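S.K.: Please model the entire structure based on the sequences and the hints provided.
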Amino acid sequence: MLTSDQFFGIAILGVIVVQLFLGYYHHHRFIRDRPSSRRWFTHAHLWLGRIVIVLGLANGGCGLLLAPVATKYAVIWWVVCGALAIIYAVISIIVGLSARASRSKRAGEPFGNANGPGFSPERYRQAERYELR
Amino acid sequence: MMGLSFVILFPLGAVIIRFFAPYLPAPTRIHYSVQILSILVVLAATGLGIYISQGDQFNHFRTIQNKPC
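As you go down the protein sequences, you meet chains A and B in turn.
Heads up, the first sequence is in the working numbering, so the first residue is 1 and it goes up one at a time.
Heads up, the second sequence is in the working numbering, so the first residue is 1 and it goes up one at a time.
Hints are computed from structural coordinates only; laboratory data are not their basis.
Nothing here was measured: the structure is a model prediction, and the numbers come from that model.
Cβ coordinates follow ideal geometry from the N, Cα and C atoms, glycine included.
Take these hints with a grain of salt, some might be off.
Label pairs and their computed distance ranges (CB to CB) [said to hold, decoys possible]:
| # | chain 1 | residue 1 | chain 2 | residue 2 | range |
| --- | --- | --- | --- | --- | --- |
| 1 | A | 121 | B | 47 | 49 to 59 Å |
| 2 | A | 36 | B | 20 | 21 to 31 Å |
| 3 | B | 48 | A | 92 | 29 to 39 Å |
| 4 | B | 52 | A | 121 | 57 to 67 Å |
| 5 | A | 83 | B | 20 | 17 to 27 Å |
| 6 | B | 55 | A | 102 | 54 to 64 Å |
| 7 | B | 28 | A | 40 | 36 to 46 Å |
| 8 | A | 20 | B | 20 | 13 to 23 Å |
| 9 | A | 2 | B | 25 | 42 to 52 Å |
| 10 | B | 20 | A | 13 | 19 to 29 Å |
| 11 | B | 44 | A | 95 | 14 to 24 Å |
| 12 | A | 13 | B | 26 | 33 to 43 Å |
M.R.: Spelled out as structure tokens, the structure:
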């Protein structure tokens, strides 16, 4: 019979291996297509990564509950890890917003414009339609 | 080891590709190298975890303390 720490530990290990292949696929498609925006597998890779790190941190506390130490150490673990995760999230959101602001100041569009490095015929047509309207 | 990997190594790999990508020569290579290293550390830690869970002490401690997890 697996304890919940063991069960989730094995599940997290499986997700990390999925991340490995998802990351490879994301980079392979990035090199091949040079996309101007993120597609579903890129978002999956980013969000699965964030989620699995948080789950791994939480599961560390479950492991401490099993270990021959006082329960307060598991609580300390969860509090410290939660604080680290929140600090990371806040910094990440601030940096992301400021990067987006500087990008749209340069190009006028959040992902650059149709004639920029993300050029594709569809985007060019789209931009032309947009200008004619 | 598991804690070390999840607290330091995985977030380090994430931060490298997220924040330090413009300042590094080969951010993608550093990102996947760090993450593969973390995966190896996690695999080793899993082995150690399975090893200690096989001992009598683990179940003995768990039953006398009535641990839920």
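S.K.: Now, for every hint given, state plainly whether the structure supports it.
M.R.: Now for the hints, and whether the structure bears them out:
no. : hint                      : verdict
1   : A:121 to B:47: 49 to 59 Å : holds (53 Å)
2   : A:36 to B:20: 21 to 31 Å  : holds (23 Å)
3   : B:48 to A:92: 29 to 39 Å  : holds (32 Å)
4   : B:52 to A:121: 57 to 67 Å : holds (60 Å)
5   : A:83 to B:20: 17 to 27 Å  : holds (22 Å)
6   : B:55 to A:102: 54 to 64 Å : holds (56 Å)
7   : B:28 to A:40: 36 to 46 Å  : violated (20 Å)
8   : A:20 to B:20: 13 to 23 Å  : holds (21 Å)
9   : A:2 to B:25: 42 to 52 Å   : holds (44 Å)
10  : B:20 to A:13: 19 to 29 Å  : holds (27 Å)
11  : B:44 to A:95: 14 to 24 Å  : violated (33 Å)
12  : A:13 to B:26: 33 to 43 Å  : violated (27 Å)
Of the numbered hints listed earlier, those contradicted by the structure are 7, 11 and 12.
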